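**Student:** Protein chains in written order, with UniProt numbering: chain V, 1 to 193; chain X, 1 to 193.
Check each hint, because a few of them may be wrong.
No copy is singled out in the list; a pair is fine if it fits within one copy or between any two copies.
[Claimed, not checked] List of simulated lysine to any residue pairs, SDA-like, C-alpha gap at most 25 Å: (1) LYS12 - THR94; (2) LYS12 - PRO38; (3) LYS12 - THR84; (4) LYS20 - THR84; (5) LYS12 - ALA22; (6) LYS20 - ARG34; (7) LYS12 - ALA186; (8) LYS12 - ALA46; (9) LYS158 - ASP181; (10) LYS12 - LEU177; (11) LYS158 - GLY146; (12) LYS12 - THR184; (13) LYS12 - GLY170; (14) LYS20 - GLY95; (15) LYS20 - PRO172.
Don't read these hints as lab results, they were simulated from the structure. Model, not experiment: these values are computed from the prediction.
The chain contents come next:
There are 2 protein chains.
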Amino acid sequence: MNALDTLIEALKRLPGVGQKSAQRMAYHLLQHDRLAMPRLAAALTAAGENIGHCERCHTFSETPICSVCADAGRDGRLLCVVETPADQAAFERTGSYRGYYFVLLGRLSPLDGIGTRQIGAAELLERASEDGVEEVILATSFTAEGEATAHVLAEALKARGIKSTRLARGVPVGSELEYVDLGTIAHALSDRR
Amino acid sequence: MNALDTLIEALKRLPGVGQKSAQRMAYHLLQHDRLAMPRLAAALTAAGENIGHCERCHTFSETPICSVCADAGRDGRLLCVVETPADQAAFERTGSYRGYYFVLLGRLSPLDGIGTRQIGAAELLERASEDGVEEVILATSFTAEGEATAHVLAEALKARGIKSTRLARGVPVGSELEYVDLGTIAHALSDRR
Ligand SMILES: [Zn+2]
Ligand SMILES: [Zn+2]
Chain V
1 MNALDTLIEA
11 LKRLPGVGQK
21 SAQRMAYHLL
31 QHDRLAMPRL
41 AAALTAAGEN
51 IGHCERCHTF
61 SETPICSVCA
71 DAGRDGRLLC
81 VVETPADQAA
91 FERTGSYRGY
101 YFVLLGRLSP
111 LDGIGTRQIG
121 AAELLERASE
131 DGVEEVILAT
141 SFTAEGEATA
151 HVLAEALKAR
161 GIKSTRLARG
171 VPVGSELEYV
181 DLGTIAHALS
191 DRR
Chain X
1 MNALDTLIEA
11 LKRLPGVGQK
21 SAQRMAYHLL
31 QHDRLAMPRL
41 AAALTAAGEN
51 IGHCERCHTF
61 SETPICSVCA
71 DAGRDGRLLC
81 VVETPADQAA
91 FERTGSYRGY
101 YFVLLGRLSP
111 LDGIGTRQIG
121 AAELLERASE
131 DGVEEVILAT
141 SFTAEGEATA
151 HVLAEALKAR
161 GIKSTRLARG
171 VPVGSELEYV
181 DLGTIAHALS
191 DRR
């Protein structure tokens, strides 16, 4: 395979990139942005070599303990469980959460071979049992698998006497009720406060 | 900037990739496809170092003369002028053209500083003046700039006594007339044969 086809094949491994976009990307780089090529190559190499997982919360980190876990100024009473580093980043962007995190790096999906071991459930239980933790917020997604994951973790935490909560399901801020799906409205009604 | 943000910034340089997709790509690679990272890095490096332009037709090539120009079995009477290597690839995929190419690597756009020099007009005229060339097919796009480019090149070729033609504008194969825009129908009518 020649260098151009090899590049197109490699670009197709990126999520959401098919044959046509990969071709467009390769042509664009070669014709208009040659400098971006070594830059992206270096960034990929550095990321692959330096980014691992935080020993404490499992999020992406270049250091054994990530900057959030290393921040003593956070609220140690709260531990928020999310599925991915992207979910954690979304929480951080809201600016309204000051506790710590635990990142599952997935959600239970027995058919895909993802069980409690793969999401680090034992490490989560250990982390949640540490002194000072008063509430574990199960912020997994509101999909069937996310709900099942939250349910299993809530039971395990309860068995150890640890309180867990779930994010409120409700109407997205800024939406008109008319256009919100009925399941969401029903949940917002039952979770009303 | 940390390795993750550096990777996201580098991915954003790809055409059609914004902050959100770049983030999704970076997370996907780090979490699910680590092997793709050194592979893409190597492909980018190899492409950047090895892919240049064919001396004869200006398309992308790893050798001084590309495989099409080096193929003596092609029809030397025809020279097809396209804007980009992608356009050339599209022609090749049709399997219905057996002549040679000249790739402009752009189209005239005086406001962007792209003049006859930037599209290699002099080299094209020289190539078209070679023995055996009987017809130059101006296959630039049917946009204002593509049409202007074809017009300028046609005049220059004509001044040298070289015949040029333009692709037929018409109704795309497989379309229902009802859904084809009126300008296209008008052109298809005037270009009828
Ligand atoms: Zn951490
Ligand atoms: Zn060539």
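**Student:** Mind listing which of the numbered hints don't hold for this structure, in increasing order?
**Tutor:** 7, 9, 10, 12 and 13
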